[in-house]
Amino acid sequence: GESVGLHLPTLSVQEGDNSIINCAYSNSASDYFIWYKQESGKGPQFIIDIRSNMDKRQGQRVTVLLNKTVKHLSLQIAATQPGDSAVYFCAENRGSNYKLTFGKGTLLTVNP
Amino acid sequence: GAVVSQHPSWVICKSGTSVKIECRSLDFQATTMFWYRQFPKQSLMLMATSNEGSKATYEQGVEKDKFLINHASLTLSTLTVTSAHPEDSSFYICSARDLPSGRAQYFGPGTRLLVL
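First to last, the protein sequences are chains A and B. Under my numbering, think of the first position of the first sequence as 1404, with each following residue one higher. Under my numbering, think of the first position of the second sequence as -18, with each following residue one higher.
It is worth saying that the hints were derived from the structure and are not from the lab. Mixed in with the good hints, there may be bad ones.
[Stated by the list, open to error] In silico DSBU-like links for lysine-lysine, alpha-carbon gap of 35 angstroms or less:
id, chain 1, residue 1, chain 2, residue 2
1, A, 1471, B, 22
2, B, -5, A, 1502
3, B, -5, B, 45
Same shape as in the complex, but just chain A:
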């Protein structure tokens, strides 16, 4: 069925390095994507979003890249900090019903 998935379930990086978290989606009709950060025991926190008419969007220390040709989404975190340690989810939306479909999540661990 249609799904949004992640290539890597876990990612471990050194503090100060850049992190790249990947996500694949299967539905070419998806036209809106969001990255969320979820810390243990908390609700997901909005990081950044991107519409399908864009291929790149930057925020504070984060960049989202969208490659519609291969249906791939990535989140880049610059100068990763210990506070960035969390599970990161990509989510996609298609159409006007505003429902989000979440990927499986990637656990990012930042080593001091």
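Following the hints, put chain B in place on chain A, whose structure we already have.
Frame of chain A; chain B shown alone:
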């Protein structure tokens, strides 16, 4: 902006009782709210879409008579788990859209339910 709260954050109840969870948008009006369920180390599973002033739309496999949703105002949606059983123990999270045409969802902090 776009702050969503949930109450309670943690609840323990006996099997057979009902539990109500509140979801509030604190600084915006939310015409649509969503309820999710999350098991440990798993992704979020959408349970239902809650629209202000109308009946909730439930996802396939979610029992509407067990998970009662009410969206009585533009800032409040409630989820009532009726006749709770241990298998209903989970992390329940709500979200809301901050604009009528906005597509981003902002999440509450979640409610952990433990049914004994």
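So, going through the hints one by one against the coordinates:
1. Note on residue 1471/A and residue 22/B: the hinted pairing holds, with a Cα-Cα distance of about 29 angstroms set against a maximum of 35 angstroms.
2. A C-alpha spacing of about 33 angstroms is found between residue -5/B and residue 1502/A, which places the hinted pair at or below 35 angstroms, so the restraint holds.
3. With a C-alpha separation of about 21 angstroms, the suggested pairing of residue -5/B with residue 45/B holds against the 35 angstroms cut-off.
Every hint, counting from the list given before, is met by this structure.
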